[in-house]
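From first to last, the protein sequence lines stand for chains A and B.
FYI, in the numbering used here the residues of the first sequence are 136 to 462.
FYI, in the numbering used here the residues of the second sequence are 136 to 462.
If you are wondering where the hints come from, they were derived from the structure by calculation, not from laboratory data.
Some hints here could point you the wrong way.
One copy or any two copies: either way a pair holds, since identical chains are not told apart in the list.
What the hints assert, rightly or not - No farther apart than 27 Å at their CA atoms in a straight line, the calculated lysine-lysine pairs in the DSSO-like style are these: (1) K376 - K406; (2) K406 - K250; (3) K376 - K273; (4) K376 - K322; (5) K228 - K322; (6) K228 - K250; (7) K228 - K461; (8) K376 - K250.
There are 2 protein chains.
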Amino acid sequence: MHVLIIGAAGMVGRKLLDRIAHEDGVLGGEVTRLTLVDVVEPTAPGPLDAITRSLALDLSDAGAAAQLIAERPDIIFHLAAIVSGEAEADFEKGYRVNLDGTRALFDAIRAEGLKEPYRPRVIFASSVAVFGAPFPEKIGDEFFTTPLTSYGTQKAIAELLLADYSRRGIFDGIGIRLPTICVRPGKPNKAASGFFSNILREPLAGQEAVLPVEEDVLHWFASPRSAAGFFVHAATLDLEKVGLRRNLTMPGLSATVRDEIAALERVAGAKAVRLIRREPDETIRRIVAGWPRDFDARRAAELGFKAETRFDDIIRAHIEDELGGKI
Amino acid sequence: MHVLIIGAAGMVGRKLLDRIAHEDGVLGGEVTRLTLVDVVEPTAPGPLDAITRSLALDLSDAGAAAQLIAERPDIIFHLAAIVSGEAEADFEKGYRVNLDGTRALFDAIRAEGLKEPYRPRVIFASSVAVFGAPFPEKIGDEFFTTPLTSYGTQKAIAELLLADYSRRGIFDGIGIRLPTICVRPGKPNKAASGFFSNILREPLAGQEAVLPVEEDVLHWFASPRSAAGFFVHAATLDLEKVGLRRNLTMPGLSATVRDEIAALERVAGAKAVRLIRREPDETIRRIVAGWPRDFDARRAAELGFKAETRFDDIIRAHIEDELGGKI
Chain A
136 MHVLIIGAAG MVGRKLLDRI AHEDGVLGGE VTRLTLVDVV EPTAPGPLDA ITRSLALDLS
196 DAGAAAQLIA ERPDIIFHLA AIVSGEAEAD FEKGYRVNLD GTRALFDAIR AEGLKEPYRP
256 RVIFASSVAV FGAPFPEKIG DEFFTTPLTS YGTQKAIAEL LLADYSRRGI FDGIGIRLPT
316 ICVRPGKPNK AASGFFSNIL REPLAGQEAV LPVEEDVLHW FASPRSAAGF FVHAATLDLE
376 KVGLRRNLTM PGLSATVRDE IAALERVAGA KAVRLIRREP DETIRRIVAG WPRDFDARRA
436 AELGFKAETR FDDIIRAHIE DELGGKI
Chain B
136 MHVLIIGAAG MVGRKLLDRI AHEDGVLGGE VTRLTLVDVV EPTAPGPLDA ITRSLALDLS
196 DAGAAAQLIA ERPDIIFHLA AIVSGEAEAD FEKGYRVNLD GTRALFDAIR AEGLKEPYRP
256 RVIFASSVAV FGAPFPEKIG DEFFTTPLTS YGTQKAIAEL LLADYSRRGI FDGIGIRLPT
316 ICVRPGKPNK AASGFFSNIL REPLAGQEAV LPVEEDVLHW FASPRSAAGF FVHAATLDLE
376 KVGLRRNLTM PGLSATVRDE IAALERVAGA KAVRLIRREP DETIRRIVAG WPRDFDARRA
436 AELGFKAETR FDDIIRAHIE DELGGKI
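Work out the full structure, taking the sequences as your base and the hints as a guide.
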């Protein structure tokens with residue numbers, strides 16, 4: 136089985152690679168060939184070295200998608216995107232990469248299939264940014280997509296293309312709308328959502344972290360471990376059961392910042408909590424106010440997608456996966 | 136005021152032109168210049184001749200959109216599309232015209248605005264084909280768009296672009312999701328929805344018509360007169376009131392074929408009804424089964440969009456507008 140991962144250098148891509156490296160048959164068969172793509176050359180975990188080819192390329196460059204698809208991969212994970220803030224700041228780059236790049240991939244698959252029958256599975260990383268406020272208390276599976284960012288617009292468009300191309304039999308697509316991933320490993324970053332992870336990750340490492348919003352802010356979370364699980368599950372799921380509505384809001388955990396902090400205290404003690412410094416930021420507060428808070432992601436749950444149900448588990452997953460089980 | 140109508144040779148375009156020709160100030164100011172575009176050269180009603188320039192061009196051709204936008208029209212009606220059946224049969228043509236053509240128009244407006252501030256009003260003809268079965272009994276304003284045709288997909292994508300470009304201040308856009316237009320003037324055509332009009336228009340003209348489905352088929356209608364009214368209203372509506380959710384399901388009338396026939400009998404007598412010949416067609420029956428039946432189009436109604444509430448009025452509008460008031 137030849138697996139192509141576009142956006143393999145990103146956090147979710149790396150988590151997914153770890154699963155492929157350490158769990159035989161996790162994608163439903165033996166992975167005999169792996170192609171990893173990102174704008175910087177991605178690296179494979181050691182056990183996958185021998186079967187991996189890594190490429191630095193941009194999907195929106197002329198011919199890039201066709202070059203990847205000419206190898207006729209069986210499973211394609213499309214995780215690559217210009218993130219929300221950058222897509223908002225750079226209109227043309229966001230549309231070029233997130234929309235044109237994705238469409239180039241889909242059209243390359245179609246062109247390959249016109250030469251000789253070809254119908255790979257395509258697993259696309261979408262986002263709850265396809266939704267825009269005002270929201271109902273819980274966003275159901277049939278709520279409309281009225282994004283309030285260009286990034287969300289590009290994801291929503293890609294979802295529509297994915298569903299139509301799948302309906303036409305061009306490929307077997309499934310769109311995975313990710314919750315906010317928490318605890319994000321790595322350094323604090325400037326994403327407006329960064330603090331949700333920072334206030335856990337930094338104290339767990341004995342470092343101070345800044346909380347820019349009130350503790351009653353409610354948001355929608357899943358761990359990096361769950362995110363990798365969503366993609367693995369999507370790779371083997373019977374798509375007949377999914378039907379024609381191919382884009383699914385993933386299950387997650389709706390929690391307040393207060394819930395996060397309480398979980399941190401239970402897992403790591405009051406000392407960790409004392410490392411959180413309150414520093415209200417009106418801009419971040421306003422951005423976060425427009426974000427989805429809670430979902431009723433029933434379809435995905437019925438289809439077997441799983442996420443944490445308690446914040447303690449999200450923190451424990453971080454300690455196990457990133458800190459060698461110790462704090 | 137310079138008005139550009141793209142798709143001006145179509146039925147809705149002609150109805151809109153009649154309104155502009157015969158109602159001073161219907162678009163909120165004096166129309167001093169009119170540019171009409173279609174793939175065949177459109178014609179203006181007599182009174183508009185002196186201010187009209189007609190062009191035969193395809194919006195998806197290189198440079199076509201820029202050429203139109205270089206003239207900086209104040210109001211742009213974008214009514215042009217490859218229809219549902221053709222977009223389904225010809226994948227590339229549908230995406231090229233309905234998606235790339237629309238995006239070329241939107242991007243040409245953006246490019247013009249980067250030269251010198253420019254923010255026209257853009258009124259886009261969308262369709263209830265953005266929805267796909269299964270449906271709730273009434274489709275509300277927040278129901279999700281999961282089209283089951285490439286045409287519906289292209290319209291749903293254009294809606295997302297329109298909302299994002301409007302949010303960014305590139306233009307002031309509004310998307311008008313049209314019900315099935317009935318009674319369509321002209322000859323019977325092969326559209327699967329044609330019979331809804333045929334069974335009224337033909338008997339009213341003393342001709343036989345074929346009914347391929349059961350009488351309990353429920354569907355969503357507005358007259359050509361209402362359709363023109365939607366676009367006229369959209370041209371002058373205060374978009375602040377619409378907010379960021381710029382695509383609106385238009386009001387309409389939910390009626391069964393039985394309701395249509397009963398209205399025909401009330402307006403034109405039993406003789407007309409006897410001209411309807413039952414000829415069940417399994418293919419058409421199946422296609423129609425996937426179509427929306429009823430809507431709760433509350434937002435558009437609150438914003439002042441109006442349609443018929445009784446089928447008799449739909450038939451009378453046809454008699455007045457197409458048959459000189461006589462049958």
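Each hint, compared with the structure:
Taking the closest pair of Cα atoms, K376 and K406 never come within 27 Å of each other, the shortest separation being 48 Å inside a single copy and 51 Å across copies. Neither within a single protomer nor between protomers do K406 and K250 lie at most 27 Å apart by alpha-carbon distance, with minima of 63 Å and 57 Å respectively. For the identical chains of this complex, K376 and K273 are neighbours both inside a copy (24 Å) and across copies (25 Å), given an alpha-carbon limit of 27 Å. For a Cα distance limit of 27 Å, the shortest separation of K376 from K322 qualifies neither inside one copy, at 40 Å, nor across copies, at 43 Å.
Proximity of K228 to K322 under the C-alpha cut-off of 27 Å is restricted to the intra-copy arrangement: shortest distance 25 Å within a copy versus 47 Å between copies. With identical chains, the CA atoms of K228 and K250 are at most 27 Å apart between copies only, with a shortest distance of 19 Å across copies and 31 Å within one. Taking identical chains as interchangeable, the C-alpha atoms of K228 and K461 are never at most 27 Å apart, the minima being 41 Å within one chain and 59 Å between chains. Taking CA atoms no more than 27 Å apart as the test, K376 paired with K250 passes in neither setting, with 29 Å inside one copy and 51 Å between copies.
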